[in-house]
Amino acid sequence: MSGQPAPRAYLAQLLPLELRGKLDAAGGPTFLSSRTIEICLVSGYELAPPALQGILEHLIAAGNANVARFSDRLTNPPPAAAHPLDAIVLSNRLPFADRAPLRAILRDMSVMQSPTPILAIGGEVESGRSHSAELVSHYCYSQQDAVFCKFALTPTNAAESGPKEIAVDLVIQLGGTAAEVPPPPQTSNKEAWYKELANWVIGNANKSENGINRRAWVVLDGFERGILREDTFQFLVELQRLFTLGVTARRHRLIFCGFPEELVLKVGASAKKYITMPLTRDHVVEVVEMIVAAQPAIPQEDRAIVMTETLKLVLDNQVPPFKALTIVGERLRSAIERAGI
Amino acid sequence: MAELSSYSRAFLAALASDMTQGDRTKSGSTSEEDSTLQRRLAVLSVLHVFTLQDLKQVDGSRDAVAIAALRRASYAAPGFRELRGRSLKPDEREKALREIARPNDALDLIARFPGRIMTPAQRFFEKLLAGQEIDVDKLMHAELLALREANRWAGYLSIERFTESQLKLAVENAAAVSSIEHLLVEEFVGREDELNELRVFTGILERSLYAKVTDFARGGENQLLLIEGLGGIGKTALIGHFLFNNRGDTDGPLFPFAYLPCDDSSIDLRQGQSILIEAAGQFVRLVSIRRAIVGKTEPITVFQHEYEGFVRATKAYGEARGQLTSRRSELESQEQRLESSRGQLSLLADAFASLAGAACKALERPGGNTPPALLFIDTFEEVQYYAREQLEPFWNLFSQLFDSSKQIRLLISGRPPLATVPTSIRQSKIELVELEPVAAVELLHRETAMPREALDSVARQIGGNPLNLRLAARIVAEEGAQPGKGIVDLQTRRFGLFRLGPEVIRGRLYRRLLERIHDEDVRQLAHPGMVLRRVTPEIIEKVLAPLCGIAGVDEKRAVELFEALMAEHTLVRLDDDNSLRYREDVRAPVLSMLIAEDPQQTMRVHRLAMDFYRPERDAVSVAEFIYHGLMSGADHHSLDDAWRPDAARYLNTAISDLPPEATIWLATRMSLEIGPELRANADTAAWERIIGPEVLTLLEHRGSARALQLLDQRGERTPDSALFAIEARCLMSLGRAADANRLLQSALAGFPVHGNRGRRAELFWLLYQVRLSQSSRTEAIAALDDLIEIAKEMRSKLALVQALVARIEHLREEKADASVFQGNLSKALLELNGGEIQREPDVVRSGVANLSEDAVGEARDVIRQMASSLFDLVANGRLQRQQRWIDVLRTMLEEAQQQPELERFRRHGAKTLADTAGTRTELPSLLETAIDAMMDGGDGRLSARQAYAARIIWVILQMETGTLKAATLAGLDDYQPDWRRAASATLAAV
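Just so you know, the protein sequences line up as chains A and B, in that order. Going letter by letter, the first sequence gives residues 1 to 341 in my numbering. Going letter by letter, the second sequence gives residues 1 to 990 in my numbering.
These aren't lab readings, by the way, just hints derived from the structure by calculation. Computed from a predicted model, the values in this text were never measured in an experiment. It is possible that part of the hints are untrue.
To be verified - A few chain A residues facing chain B, derived, Cβ under 7 Å: (1) 113; (2) 156; (3) 157; (4) 212; (5) 335.
All C-beta atoms in this analysis are idealised placements derived from N, C-alpha and C, irrespective of residue type, glycine included.
Could you put together the complete structure from these sequences and hints?
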């Protein structure tokens, strides 16, 4: 941005007048740039043209031709879902078909007086447990007061994912800093430290932002017994217990995508369980229908064939029930991208 | 595809290309990327965690291609999100390190990163490369994990310091101890007799012939061992020492054990399943350690199978409990529903007994005896104040477990008097007394490293209480001891002859220790701070600092003082709510001294604390407000107003502090064991409060007859007593309808005109039910009509909905016109808020099902809010396929064929109708389609699609099984006494 005014002034002028006041008064160029984009995203399609459109047009004018396709997409907003938890295409263009029971549970959980602060999503490997987190992320993205944070445990990182590492990564996503992590105890009493770490996470979730009491949706992905460290398990016991108490139970939500049974049993009725079911052909049809419907240039008489051919492409080499959701999901995603939804 | 338009063809071609490309991208990077990547990987492989800054240091490059390639070869390092730290994937690291090959080259590379992130794994890696000493035995679990990782990397450079199996075993053993390591006291001395008794009890040591003969005569070995002793005498340390020293060998744990402290909020002895679930979880962890060492043996497979069975039993029990809170049920009487729940708990106990047996087998050594499964319930003093009736289910559960399994052993430790155990349980007791003088000196010696002879006098001065000795050791270590006199200026004897009680000595030792706190402000506030039970920075700022005259304590200074106090581990512990709690065995003796020495100052602290907590309404604050109110003799009316049932669990440990009149006040609210004399002297209102929760516990776990026995202790009731309804339901459950009818009529006749409206409504509901059971239909409906009139004026419209549903069902049976009542029902449903709909889904669904078909669309908001309960119906098999309603669905789906916007209904509906197996397989998809349609936004007006979807749901609801007949009346929360509200989580609906 050399030769331009100060970063804040430069970025503020890219925003529509009604949004300029929302840009932070101070901060480095990287921070301010991401804040600018964030403000545009939160504003979504509220303004016409959308706020992001202004920025993209500026970049096109500055010679960034690649940006043009994004701009085109912005001019065709996706069909508005009544509720973000009912979306079939998520804000990151991922498909999210079916799972009505999951959507209903999340809807219940989105209400402050919900008796369920914890959701445990089970099911077979690759059945789309982790994919459920995308819907939660999409929901949080659409809410002013919701903040999404996630820690994914994998066989690769499991050995080094202890209580401190998980707590730190969650707190960073909640806007805290690693420097404040409670130090490990001098004595052998680890239990107190796990409590302290869990309290630290919740304390950061409870911090209000611009006067708004945030609602944290914490997703812990892949926390099955097999790869879970013993100390991490103990930390989770403390963390999940806090999610069932007082104001935390009302405001914040904890979602396990894969979970150790003996952990969730401890919180009884505070946790609801959902088992992911394999996608059926009908569910894929539903998304493909949407993709084809978003192409008005396809003549009416072609639609049935285009539907069938698209479906063939998406389900090529896949046998129902579709358990390996990564493949079908990726193909649907690229179709969604192509359709410009 | 020749007939397609050019646009369609192009669209499909582009799609095909996108997808092929997408599939290919997954297969890997290009060769061009590979060549530049390998060089960078080689350098970065010596770092556990690297950042972009490190990458720049490798070759000055920051180009996007390099970064993208590195991202693929690495993953986000846990705990380093802030720095965007990454770690190489294991296979990439292995490849790169093997290419480096020589440790010295690796060290040279490391030296290029002076600012590298020093994780434990990095530290161990560098130590291994440099050939430095590492003492595995001294490492904690997390450190061992890091060493294991670093050792693997060193192995790629041909350094073989530790074998993988050696570290794997060390890691597993450390994991086994991690759950009990906080029980361990480093300097444990004496207690040989008690340890031997534990060894015999757990079967580690062979019983003597005499013991065998005695056990035979008594019908078997002891199942329960009580360990009783004063605070600080070393009960937990004894168990910790025993478990730690017998936990395992190189083949893993020796026996399954579970540590179950009563001060853990997830454990509630009154709810037996919480103990079983916690214990099962701990068994799983121990068996998984064994599995990691010996592999998946047959007994381990059996254990896993039993655990699956246990989880199923837990689920079934949860569902049975859920049935108690669900108003709709297929069982028609309260007793049947409670019996079903009790039956499931019994099955759960059986499943646990099998699991415990399987755990013992899984840990058994080849050729050895089958070990016992040990459940250790610690800090029993937290619950021993409960009324006997409250602990009855706990003892019943263990009686059953002992009957089902010879392997299960229970250890309970607490302060005297410990527990009244049913005589049917074979038991023995260890009474822990003070340490012998020799052991006391030994303990002081180990704690101070001073010569034993110099410590004789201190041991004589302090006595043999281990906690007191440890405190004395801290003082001696700093001040020294005077030959022959012990600690200078510490009086521990009265008239120079009789030693004071251990608690008084402890109080004096603590006072001495408090004087040694370096920060003067902390020292000043620590002492009066013990009048409080919990301390937070805010309390320091607003209560303690003004009281102690400490100037300049703002928010920041208060946090500093809080942290300084937190460092005093012997005084305080950090609690769940991030407050500091004084240890009870420290606080109790000091509090007695404070009250005796400066009662006015103590009273000031109580009053200031009351002022501090007065505005707060959370359970913890209310408990503290009440505690300080009771301790300072505050007006009971202000405490009555503040009380909330969930504060009770925070007051358990305060009971021993309270004066007698305060104990009575508390007993009427939290079911304490109080003497028969006090109970007899209580006025009727107080007696009802004392007896109410006990009746509910007996009702839940022992049945209606036992509950009635307790109610029969007194004949008189307050005019709008909450006991009338409970008594009537007990009578009805026992088939004594005429008695119930008489009781209800008499209660209603004497009910005050302006009495509690909700309780009056409840009595009418019961009268309706009892008359119906006597086949007095007309009188029953008259009672229902009275109820409807009362319910119209109630705050929540749930009771009205429930009453109207019953009324409409009668009219339907008579084939009479129900339209007026249906109109009222529609209005009542629309008045419910989201919380009420979520709390009472059964009542709300019944309400929707009883609307007229045409009006159901108007209730779409209500349907939307109960959507997840509709799925629960399907999941729990509570829909019964009925041909009559399937035919209605068929007609509706035929209508859908004519309307394109209902296409999806037609598709899913066709399968539903074809599904002859039942409703579980295909009905959900039709339900989902209908709910999807209901969720559609639109302009707020009822669309044709929504109206259609509402009707589909209405038809499906007609097939719901069960009845509200055995339920209590909903919507009474605001009208019930707190002890009934507290029970509502489990007994709301029966």
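Report task. Have a go at the residue 157 of chain A hint: is there a Cβ in chain B nearer than 7 Å to its own Cβ? Result -> Given a least distance of 5 Å, the restraint on residue 157 of chain A holds.
Query raised in the report: Would the stated hint for residue 156 of chain A survive a check requiring a Cβ distance to chain B of less than 7 Å?
Result: Holds, because the Cβ-Cβ distance from residue 156 of chain A to chain B comes to roughly 6 Å (cut-off 7 Å).
**Report entry** Interface hint for residue 212 of chain A, Cβ within 7 Å of any Cβ on chain B
**Finding:** Not OK, violated: residue 212 of chain A not within 7 Å of chain B, min 21 Å.
Query - Restraint satisfaction for residue 335 of chain A [CB to CB of chain B, less than 7 Å] - result: holds (6 Å)
Query raised in the report: Given residue 113 of chain A as an interface hint, is the shortest Cβ-Cβ distance to chain B below 7 Å?
Result: Status holds, d = 4 Å.
Comparing the model with each earlier hint shows a violation of hint 4 alone; every other hint is respected.
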